[in-house]
Every structure is written in structure tokens, then in C-alpha cells.
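**Q** Residues in the sequence shown are numbered from 12 upward in steps of one, following my numbering.
Hints were generated in silico from the structure; no laboratory data involved.
None of these values were measured; they are calculated from a predicted model.
Don't be surprised by glycine CBs; every beta carbon is placed ideally from N, CA and C.
A few of these clues could be false.
Across the chosen pairs, the derived CB separations fall in these ranges [said to hold, decoys possible]: (1) Asp144 <-> Ala164: 20 to 30 angstroms; (2) Ala250 <-> Ala146: 46 to 56 angstroms; (3) Pro90 <-> Leu297: 34 to 44 angstroms.
Okay, derived cross-link-like pairs now, DSS-like style, lysine-lysine, Cα gap no bigger than 25 angstroms in a straight line [to be verified]: (4) Lys290 <-> Lys160; (5) Lys290 <-> Lys123; (6) Lys123 <-> Lys253; (7) Lys253 <-> Lys160; (8) Lys123 <-> Lys86; (9) Lys290 <-> Lys253.
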Amino acid sequence: MQRKAYALGRTRPAVLTATALALGLGLGLSGCSSGTTTDIGAVDAKAGPAASAVPPGRYRTLFEPCGAVPQATLKDLLPGAAALPDPERDRAYRGTAAVTFDTDRRVGCSWKADSPDAAHRLTLDIERVVSYDPAVSDDDRAQEVYAGKQTAAGIPLTPATPTAPATPPATATTPPPAPGAHTAATALPTTAKPPAGAAGSTGPTTPEATPTTGLEPRSLDGLGDVAYLDDALTTTGPAGVKRLVSVVFRTSNVIVTVQYEEQSAVSTVAPSSVELQEKARNLARLLAERLEE
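Could you put together the complete structure from these sequences and hints?
**A** Put into C-alpha cells, the structure is as follows:
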């Protein structure tokens, strides 16, 4: 009997000790659980902004360029092909695909046809721009590439706007233009269109008239997101003149370049800006519609 009472006396401290240990472990686990929750919350809060990336570009692939131009359009752009034998004519309309590293990123095609009076060449270049900077969207990167092309062509990115109305006459408070600038401004119309009977007038003086006819290199409206047109006339030796019209436009993350060229066999006859620009712009509109399909 005394041993049983003694055993009970020894058990009570053990039970108290076990209870204290259980409470301590419970508090410790609670503290660890609370700390873990706080850490996860902090990680999620930091990961939130990083997870929101810029949206990708609209286009993931590119269409096949050589088959994108209808044959009726090619007949109009390459008049010299009509006189070729059937095999050569078919080959001229088929075009030659450009060699590129990745056809999902860049494609191109070219056509050409010669005639006794002139030679015509058409070139397409289509590029899909991808940004490798997570903070820059594909569209923004494509705009940077496009802006570089337009700047290299010497065409302002935005149309120049006058700082003051042109109708009021200059007053004493407005300084007159410098003599050299005034002379240059008034000299352009006289050199652009020489008198009909003037001797020594040649073909190369014709392009000087383009800045006053609305055919000068310029930005275009109503074509893609942004667009511009470039027009250059050059000599190709003692007996030839070449005009190259380029229409470049951007739609989302795709940049399309249309180059239409005519080379005249006679140096005194310059290819028409009106005709070449109209044909190049019509083809560019057709390709822009193709991108919307």
C-alpha cells in the first residue's frame, strides 16, 4: 500500500512536466506557423508585380509573300512580262522568295520583268518584330524599328506644324528671315520648273518639282498603324534613269516594306512619280488587308 502511494506521488510531477512540454511545443508550432504564413505573404506580394508582363504582339506567324500578290496586280506592275514566252512569263509572275533565317520572323519576295522601253522590279519585305525585353512590348519594339527606318529615309515622324499663322503680314516685332533662307525658299519654284524654251534642261531637274506637287517623301494616313512613302530618282549610267518608290507601314508588331522600281532606257524620260506611287500604295493597302484576315 505504501508503495502504491509512493508511485502516485512520483507520477504527478511527470504529468505536469508532460503537460508543460505539450503547451510549449504547441506555442512553438503556432509561432512557426505564424512566421511561415508571413513569409509566404511577403513572397507573394513581391511576385505580384513581376508576374504582370507586357502583352505579346498580335502576330505570331507571317503569310507566304510570293503568293500574296494576285496575278492581275502583277500584270499591272510588270507590263514587260506580257511579251515574254509562256515559261518565262510564268516564272516572272511566280517571283523569287528571299532567303531568311526564320520564316516566322521575316519573309520576302521579288519580281522583275524587262521590256525595250523600261525595266520594272517589285520587292516585298515583311518582318515580325519580337521584343526580348520583358518591360517592352512587341508593338513598342516594332515602333522603334519603324521609326528608325523613317528617320533614315529623312522623313519627319510627325508632320511639321507652323508655329504662327501664315496670313498676317510680318510686323516690326517679327524679325525678317535671313537673306540666304529667303533666297533658298524662292529659288525652288524657279529651278523646279524651268522655262519651256530654256536650253540645257534635262530629266534630273524634274524631281525638283515633287516637293510642290504632293508627291514628296512623306508620312501616310489610313495605312496600318503608321506608314510613310519615299520617292527617289537616280541616274543609272549615261543612258538610264531609275525611280524607286518605297511604302513602309507597321501593323502591330509586323513591318511591311513595298519597293516598286522602274528604270527607263532613255535618260531624258524620267519614270512617273504619280503612277509608281499609286501602284505601290495600292499594293500596300492590299497587303494591309491581308494582315487583317
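**Q** Each hint should be assessed against the structure and marked as holding or not.
**A** Results of checking the hints against the structure:
no., hint, in the structure
1, Asp144 <-> Ala164: 20 to 30 angstroms, "26 angstroms, holds"
2, Ala250 <-> Ala146: 46 to 56 angstroms, "55 angstroms, holds"
3, Pro90 <-> Leu297: 34 to 44 angstroms, "18 angstroms, violated"
4, Lys290 <-> Lys160, "21 angstroms, holds"
5, Lys290 <-> Lys123, "15 angstroms, holds"
6, Lys123 <-> Lys253, "14 angstroms, holds"
7, Lys253 <-> Lys160, "21 angstroms, holds"
8, Lys123 <-> Lys86, "11 angstroms, holds"
9, Lys290 <-> Lys253, "16 angstroms, holds"
Violated hints amount to a single one, hint 3; each of the other numbered hints is respected by the structure.
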